[in-house]
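Produce the complete structure using the sequences and hints provided.
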Amino acid sequence: MQETKEQVASSKAEDKSAQESEKTQRCLKLLEAALYVAGRPLSLTELSSVLNTRSQQKTKKYVKTLMQDYSSRSTALEILELKDERYVLQLKAEFTPLVKKLVNKPLLSSGPLKTLAYIAYRQPVTQKRVIQVRGQHAYSHIKLLKEMGLVATERSARSMTLRTTDYFADYFGLSHDVSTMKRELKRIFGETGQDAEPFKDESGAESTKRDI
Amino acid sequence: MQETKEQVASSKAEDKSAQESEKTQRCLKLLEAALYVAGRPLSLTELSSVLNTRSQQKTKKYVKTLMQDYSSRSTALEILELKDERYVLQLKAEFTPLVKKLVNKPLLSSGPLKTLAYIAYRQPVTQKRVIQVRGQHAYSHIKLLKEMGLVATERSARSMTLRTTDYFADYFGLSHDVSTMKRELKRIFGETGQDAEPFKDESGAESTKRDI
Amino acid sequence: MSTEMKPFYLRPPWNILFEISKLEKLTPWNVNIAYLLSTFLLEMERTGKVDFRASGVALDSSALIYLMKSKLLLTLQEPPAPPKSPQDFVPPPLFLPLRHELTSTTIQHLIEVLNEVLKGEKLPSLDKVVAQPVLPSVSDLMPQIDIFLMEIEAQMAKLYALLCEKVKGTGIIEFSSLIKGATRLESIRTFILLLFLAQEGKISLWQDEATEEIYIAMGKLNLAGDERTSS
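Chains as they are written, first to last, in the working numbering: chain A, 18 to 229; chain B, 18 to 229; chain C, 758 to 988.
Derived by calculation from the structure, the hints in this document are not laboratory data. For every residue, glycine included, the Cβ atom is placed at its ideal position computed from N, Cα and C.
Think about it this way: if two alpha-carbon atoms lie no more than 25 Å apart in a straight line, the pair counts; the simulated SDA-like pairs of lysine to any residue are:
| id | chain 1 | residue 1 | chain 2 | residue 2 |
| --- | --- | --- | --- | --- |
| 1 | A | Lys-100 | B | Lys-122 |
| 2 | B | Lys-122 | C | Thr-863 |
| 3 | A | Lys-118 | B | Lys-163 |
| 4 | B | Lys-109 | A | Arg-57 |
Covered stretches of chain B, going by a simulated chain C footprint (3 or more residues, C-beta under 8 Å):
| id | region |
| --- | --- |
| 5 | 49 to 58 |
| 6 | 119 to 126 |
| 7 | 131 to 137 |
| 8 | 185 to 191 |
| 9 | 197 to 208 |
Here it is in C-alpha cells:
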C-alpha cells in the first residue's frame with residue numbers, strides 16, 4: 018500500500034516521539050533504581066554515569082522529573098535535592114516511628130533523637146545547657162550523636178559548644194546555613210506538633226525520665 | 018442556610034467516602050513504608066501489625082492494591098508475593114546489573130560476618146561454643162547479629178543456643194529449613210573450590226562437640 | 758575564737774538555726790528544715806560530741822521556722838514552686854528518615870569467611886580446653902627485661918623509697934596491696950626487684966602458706982617465734 022508523504026512524515030514523527038518517551042521512561046527508572054539501591058545521596062556525576070551520559074544537564078532534567086513524579090504521587094517515599102546538586106531517595110520522616118520496628122539495623126531510640134532535636138533547634142548551644150535541659154542521660158546521647166557524625170563539638174575557652182554537622186543537614190534535607198535550618202526545623206516541629214499524637218506517649222515517658 | 022434531608026445525607030455520604038479513601042491512602046503508604054525499610058519479605062502478620070489491625074484479610078486487600086499500583090506505574094521497583102503469603106518490595110532484576118556499582122556497603126564488617134558464618138554452619142550451636150571458637154569479641158558480634166535480626170537465641174535449661182533466622186535465609190537466598198540450608202552451604206562451599214577437607218573433618222567431629 | 762575551735766553547727770548551713778536574731782528576717786520557704794536537722798544529727802554522730810544544748814536550740818529554731826511557714830500558709834501565701842531545671846522548649850524527637858540500602862555482602866563472602874573460621878575452629882579443641890599460659894612467654898618478656906635489668910639499681914632505689922613511704926606505722930605491707938592495679942608484667946618486675954632488695958637485706962619477705970599472701974617488712978626481720986622467718 019502506498020503512503021502519502023504527509024502520512025509518512027507524521028508516522029515518523031509519532032515513532033520518534035514514542036521513542037523519546039520510551040527513552041525518558043527508561044532513564045527515570047534507571048535513576049530510581051540507582052537512588053533505591055544506594056540509599057545515600059548521589060551526585061549528578063554518579064547519576065550521569067548510570068545513565069551513561071556526560072551531560073549533567075540532561076541528568077538533572079530527568080532527576081527533576083522523577084522528583085515531581087514522586088511528589089505528585091501518594092507515596093511514603095520522597096526524593097530530595099541536597100546542597101551541591103546531590104539527590105537522595107528516602108522514607109518520609111513521619112513514617113519512621115511507625116515502621117522502625119521492621120528495620121534490621123540498630124537505630125537511635127527516641128531519647129537521643131530528642132537530644133538531637135534540641136541541639137539542632139538551639140545550636141550553637143553549650144553542652145552544659147543541653148545537660149541541664151535534657152538531664153544526665155544526655156551525656157551518653159551526645160557521645161552517640163558524635164559517633165554517628167550528626168553532632169560536632171567545639172571547645173572554646175570556657176565551655177563545650179555543640180552544633181549539628183553538614184551530614185545531619187543532608188540527612189534531613191535541611192539547609193547547611195544554621196539560621197535557615199532553624200527556620201526549617203521550626204516549621205517541621207510546628208507541623209509534627211499538631212499531628213504528633215502517636216508520639217505523645219513516648220515524649221511523656223521521656224520527660225519523667227529526664228530528671229533522675 | 019437550611020439544608021434539605023437529601024442534601025445532608027449526601028454530604029454525609031461524601032464525607033464518609035472521603036474519609037474511607039483517605040484511610041486507604043494512609044494504609045497503602047504505611048505498607049509501602051514497611052516494605053521499603055524492611056528490604057526483606059514481610060508476612061501478613063508483620064504487615065498487619067504496622068496497620069494496627071488484626072484482620073489479615075484487610076491487610077491482604079491493601080497489599081494487593083499496592084501491588085497493582087506498583088505494576089501499573091512505570092517504575093524500577095516491584096512488589097512480589099512469595100509463598101506463605103509473604104510480600105517483598107525489590108528492584109526489578111533487569112536493573113540490578115546496571116546500578117550494582119553503586120552498592121558498596123557490606124552488610125557486616127568481617128568480624129561479625131565470620132561469627133555469623135560460623136553460627137549458620139554449626140547451628141544450632143551453643144553461645145559458649147561460639148565464644149570459644151571466635152573469642153571474647155563474639156559477644157558483641159552476637160548482640161549485633163541479634164539486633165539485626167540475623168540470629169536468634171533459645172535459652173534451654175543449661176545453655177543458650179544460637180540459630181539463624183528466616184531473614185538470614187532470605188538475605189542469602191537459602192532455604193528456611195535448617196538442614197537443607199546447611200546442605201546448600203556445603204554445596205556452595207564445594208563449588209567455590211574452597212579446600213573442602215576441613216569441612217569433612219569438622220562435620221564428623223561435630224556431633225560429639227555440639228552438645229557440650 | 759579561731760574558726761577551727763568553732764563547733765560545726767556554727768558553720769553554714771547549720772548556723773542559720775543558731776543565729777536567732779536573723780531568724781525572723783529570713784524567708785522560711787528557703788529553709789529545708791528536714792535536711793538541716795538530719796545532717797546536724799549525722800554530723801554530731803560523726804564527731805562524737807553530743808551537745809544537748811545545741812540540739813535544743815536547733816529544735817527550737819526549727820519549730821519557729823515551721824510556725825512561720827504555717828502562718829504564711831494561713832494567710833494564703835502560695836509557697837514558691839520548687840526550683841526547676843531550666844525550662845526550655847524541647848522539640849519532639851527528630852526521627853531520621855530511613856533509607857533502604859542494598860548491601861554488597863553475598864553468599865560468596867559468607868563462604869569465604871566460613872572457610873577461615875572453620876580453620877580456626879580446629880585450634881581450640883572442645884574436649885581438651887587448652888590451658889591458657891598464666892605468664893607471658895619468655896620470648897615476650899626478654900627484650901623488655903633487658904632494658905629493665907639495665908636500670909635495676911635505679912628501679913630498686915625507687916621501689917625502696919616507695920616501700921618506706923607505704924609501710925609507715927606498721928612496718929609491713931602485703932604484696933597484693935603493693936601491686937594493686939598493676940599489670941602482670943609490672944607485678945613480675947616488682948617481685949624481681951623485691952628479691953634483689955631482700956638479697957641485699959634491705960627488706961624481708963615471707964609468705965603465708967594458707968592465704969599465699971606475701972608480706973614485705975622493712976629491714977632484717979626479727980620476729981621471735983615466727984618459724985617461717987627463720988627458714
